[in-house]
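Each protein sequence line maps, in turn, to chains H and F. Read left to right, the first sequence gives residues 1 to 179 (our numbering). Read left to right, the second sequence gives residues 1 to 83 (our numbering).
Think of the hints as simulated: they come from the structure by calculation, not from any bench. Among the clues, some could well be false.
[Unchecked claim] In silico SDA-like pairs for lysine to any residue, Cα to Cα no more than 25 Å straight-line:
| # | chain 1 | residue 1 | chain 2 | residue 2 |
| --- | --- | --- | --- | --- |
| 1 | H | Lys104 | F | Ala29 |
| 2 | F | Lys41 | F | Gly12 |
| 3 | H | Lys150 | F | Ala30 |
| 4 | H | Lys104 | F | Ser58 |
| 5 | H | Lys104 | F | Glu19 |
| 6 | H | Lys104 | F | Leu40 |
| 7 | F | Lys41 | H | Asn113 |
| 8 | H | Lys126 | F | Gly49 |
| 9 | H | Lys104 | F | Ala30 |
| 10 | H | Lys87 | F | Ser58 |
| 11 | H | Lys126 | F | Asp20 |
| 12 | H | Lys150 | F | Asp20 |
| 13 | H | Lys104 | F | Ala38 |
| 14 | H | Lys104 | F | Asn36 |
| 15 | H | Lys174 | F | Val39 |
| 16 | H | Lys87 | F | Ala29 |
| 17 | H | Lys150 | H | Asp101 |
[Said to hold, decoys possible] On the chain F side, residues computed to face chain H include the following (Cβ under 8 Å):
| # | residue |
| --- | --- |
| 18 | Glu7 |
| 19 | Glu31 |
| 20 | His34 |
Since the model is a prediction, treat every value here as computed from it, not as a measurement. Note that beta-carbon positions come from the ideal geometry of N, C-alpha and C, so glycine has one too.
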Amino acid sequence: MPEPLRPSPAKAFTRENWFYIPTIASATKAPTVAEATAASALDFTNMVFADGAPTPEQNTNLVDQNRRYGDAANYQFVGTTTYGGNKLTAAFNQQAAALADAVKFWEKFQAGNVTGFFGYRANVPKATAVTAGQFMDIFPAEVGPLMPTKSGDGEGAEGAVTGMWAITDTPAFKIAVLA
Amino acid sequence: MPKSTPEPDEFGRLRVRDEDTGHELSIPAAEFPHGNYAVLKESASDINGDAIPPKHASPKSLSRSSTPNSGQQAGTVKEIDHA
């Protein structure tokens, strides 16, 4: 028997980016390079903390079928799938001047209920430019109100802002970035 | 980088054109300095206070010329499906 297939590992450590993209023209949710790299977009990979990055979740219900009177065995259906956002925590400096890097995330989302798309690019070193043909996962997103807080404890504490984000529509996975 | 933030509508939004993509969209006023935006004289919110959906420029027309679409041109271009 031949050796079973073993895909080589695709390193993800420091090879992940999270982008905020305000709007995407394509109905398939494929962003263009211009949309993903516009001044209005934001690569917040190095703004969010490791425990405060978007961690989208998917939960699919398994439901028991309605057992027939004579059945001795019962089976399941696949039910509702819920996509969920999570908590965001990003670096923040209360004293930073307007437009400074330390308040970018805050100024972008502070209004609350800011909508757009979160793009997740993985297995590419994080400083690599977005190019056509790269793949991303796209999550239609709404970011709730942010509140300043702290990240870390004691000597390691840092200024931060925190808020929740929701997935508001069908995500598009492994979708190619358009030219 | 754009200058001072213009006056938002009563729901705190501005209708802008993103000069990098040509798309017209409604943004919260605080977002204005964080993009290459040009303010449009259009309402950003509907009567219910919801943001008016974005109007997307054609990516093709953008790649042909480096100058962004005028608002009128962008208005006539249908949303493109890259399926």
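Against the structure, the hints come out as follows:
Of the supplied pair hints, the one linking H:Lys104 and F:Ala29 holds, its CA atoms being roughly 14 Å apart against a limit of 25 Å. Taking the CA atoms of F:Lys41 and F:Gly12, the gap is about 15 Å. The hint holds against a cut of 25 Å. Only pairs whose Cα atoms come within 25 Å are accepted, and H:Lys150 paired with F:Ala30 is accepted, the gap being roughly 23 Å. The hinted pair formed by H:Lys104 and F:Ser58 fails the criterion: a straight-line CA distance of about 29 Å is larger than 25 Å.
Proposed proximity of H:Lys104 and F:Glu19 is supported: the alpha carbons are some 20 Å apart, at most 25 Å. For the given pair, H:Lys104 sits about 23 Å from F:Leu40 by alpha-carbon distance, which is consistent with the 25 Å threshold. Taken as a hint, the F:Lys41 and H:Asn113 pair is honoured in the structure, with Cα atoms around 23 Å apart against an allowance of 25 Å. For the hint pairing H:Lys126 with F:Gly49, the CA-to-CA distance comes to about 38 Å; that exceeds 25 Å, so the pair is violated.
In summary, the hint linking H:Lys104 to F:Ala30 is supported, as the alpha carbons are separated by about 10 Å, within the 25 Å threshold. Distance check on the hinted pair: H:Lys87 and F:Ser58 sit about 34 Å apart at the alpha-carbon level, beyond 25 Å; violated. With a C-alpha separation of about 22 Å, the suggested pairing of H:Lys126 with F:Asp20 holds against the 25 Å cut-off. The suggested pairing of H:Lys150 with F:Asp20 is violated, with an alpha-carbon distance near 34 Å, which exceeds 25 Å.
Our distance criterion of 25 Å between C-alpha atoms is met by H:Lys104 and F:Ala38, whose separation comes to about 19 Å. Among the hinted pairs, H:Lys104 with F:Asn36 is consistent with the structure: their alpha-carbon atoms are about 15 Å apart, no more than 25 Å. As the CA atoms of H:Lys174 and F:Val39 are separated by approximately 34 Å, the hinted pair breaks the 25 Å bound. Between H:Lys87 and F:Ala29 the alpha-carbon distance is near 24 Å, which keeps this suggested pair within the 25 Å criterion.
About 17 Å separates the Cα atoms of H:Lys150 and H:Asp101, which keeps this hinted pair within 25 Å; it holds. Checking F:Glu7 against chain H: minimum C-beta separation of about 15 Å lies over 8 Å; hint violated. This hint holds: F:Glu31 has a C-beta 6 Å from the nearest C-beta of chain H, less than the 8 Å allowed. Checking F:His34 against chain H by beta carbon gives a least distance of about 6 Å; that is within 8 Å, so the hint holds.
Taken one by one, the earlier hints fail for this structure at numbers 4, 8, 10, 12, 15 and 18, listed in ascending order.
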